Amino acid sequence: MTERSRVDRLKSGTGSVGLLFNPLSGRIRKRKEAIRRATGEISGACREVTNAHEISASVDAFVNADTDLLVIIGGDGTVQGVLCHLFATQPLAKWPVLTIVPGGTTNMTALDLGISGSPESVLQQLGACFQKGFPFALVKRHVLCIEQSGAGKVYGMFFGVGLIARAVIFSQSRIKRLGITGEIYSALITFGYVAGFLLGRRQGAWAPVRMTITEKTLPQHQGTFAFLFASTLDRLLFGMRPYWGEQPEPLHVTFVRQQRQLPLRSVLRLLIGRGNDLKGKEGYHSYNTDGMELLIDDDYIVDGESYRADSQSGPLRITPAGPIAFLVAERAAANAKS
Numbered sequence: 001m002t003e004r005s006r007v008d009r010l011k012s013g014t015g016s017v018g019l020l021f022n023p024l025s026g027r028i029r030k031r032k033e034a035i036r037r038a039t040g041e042i043s044g045a046c047r048e049v050t051n052a053h054e055i056s057a058s059v060d061a062f063v064n065a066d067t068d069l070l071v072i073i074g075g076d077g078t079v080q081g082v083l084c085h086l087f088a089t090q091p092l093a094k095w096p097v098l099t100i101v102p103g104g105t106t107n108m109t110a111l112d113l114g115i116s117g118s119p120e121s122v123l124q125q126l127g128a129c130f131q132k133g134f135p136f137a138l139v140k141r142h143v144l145c146i147e148q149s150g151a152g153k154v155y156g157m158f159f160g161v162g163l164i165a166r167a168v169i170f171s172q173s174r175i176k177r178l179g180i181t182g183e184i185y186s187a188l189i190t191f192g193y194v195a196g197f198l199l200g201r202r203q204g205a206w207a208p209v210r211m212t213i214t215e216k217t218l219p220q221h222q223g224t225f226a227f228l229f230a231s232t233l234d235r236l237l238f239g240m241r242p243y244w245g246e247q248p249e250p251l252h253v254t255f256v257r258q259q260r261q262l263p264l265r266s267v268l269r270l271l272i273g274r275g276n277d278l279k280g281k282e283g284y285h286s287y288n289t290d291g292m293e294l295l296i297d298d299d300y301i302v303d304g305e306s307y308r309a310d311s312q313s314g315p316l317r318i319t320p321a322g323p324i325a326f327l328v329a330e331r332a333a334a335n336a337k338s
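For the sequence shown, UniProt numbering assigns the number 338 to the last residue and increments by one with no breaks.
One or more of the hints may lead you astray.
[As the list claims (entries may be wrong)] List of simulated lysine-lysine pairs, DSBU-like, C-alpha gap at most 30 Å:
hint, residue 1, residue 2
1, Lys-11, Lys-30
2, Lys-216, Lys-153
3, Lys-140, Lys-94
Everything labelled a hint here was simulated from the structure, so no lab data went into it. Keep in mind that this is a model prediction, so the values were computed, not measured.
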């Protein structure tokens with residue numbers, strides 16, 4: 001069934017809805033009961049999941065029931081779990097349309113789609129779309145596919161290595177224990193690590209990454225880098241657009257070569273989306289592509305989940321998959337495209 005057919009069924013009131021709810025997601029833990037009540041206002045089966053096995057089993061059940069809309073109530077990690085299983089088991093033609101209720105710590109994917117607010121308020125808005133005929137639309141996004149010989153494919157919306165990966169891994173073990181979530185959490189991690197880097201820290205959690213970066217249309221880059229990230233999202237945390245490539249391809253890549261000292265002005269320009277000012281500056285690179293390879297022995301993260309790359313297994317390949325469709329309110333769709 002096509003996406004348009006599913007949307008038409010939803011608009012006519014005959015479409016089926018499934019809700020996949022992760023009660024352990026960052027913003028949900030302390031308000032589970034309120035969110036459960038909000039899910040009860042939407043006509044559809046709700047399945048609670050707390051691990052990868054339960055996510056896979058629930059997604060299979062919804063696909064087998066020919067569910068038109070799958071509502072993912074959780075964070076970026078829950079969304080990633082759904083995407084990984086769908087890509088591994090189903091052709092795109094059998095996918096339900098997806099939508100996200102942001103219940104995690106950072107919620108980058110939902111925010112890029114223009115979906116914001118508390119989980120309860122987003123569920124109420126979604127219910128109003130069905131009950132009162134509020135308009136909604138589809139927003140398309142490609143998905144990253146990360147693969148290396150000998151390991152299963154990983155799918156997600158954001159890939160990071162170097163300083164970015166170390167910050168996320170550190171935060172999972174330290175900051176989350178404090179119960180801090182949302183943009184406060186993201187700000188603490190982002191600016192704390194940037195400050196440490198500007199102050200000259202280069203060891204342990206601030207260590208650079210050695211790698212070789214290969215992209216078919218550009219010169220190969222080899223050496224030590226502060227960080228590299230790749231994403232199919234138009235905006236990252238706090239609405240940042242820290243890339244300035246002009247190519248039409250869907251995979252945005254930015255990386256910064258390790259330097260003795262990164263100027264504060266350059267870092268701030270990168271963070272606030274003024275990276276185009278850095279074009280041509282030594283050590284700063286950004287472009288859009290349809291594929292790249294990294295030869296690397298280090299940890300990397302995809303949507304907040306950590307993995308390990310081993311160069312003995314060959315290069316780590318990153319390509320765009322999809323695109324896939326997300327259902328959002330029309331107002332959110334306008335925000336997502338702005």
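Outcome of the hint check:
A threshold of 30 Å between alpha carbons decides the hint, and for Lys-11 with Lys-30 the separation of about 33 Å lies outside it, so the pair is violated. Restraint check: the Cα-Cα separation between Lys-216 and Lys-153 comes to about 21 Å, which is no more than 30 Å; the hinted pair holds. Note on Lys-140 and Lys-94: the hinted pairing holds, with a Cα-Cα distance of about 16 Å set against a maximum of 30 Å.
In summary, the structure is inconsistent with hint 1 from the numbered list given earlier, while agreeing with all the others.
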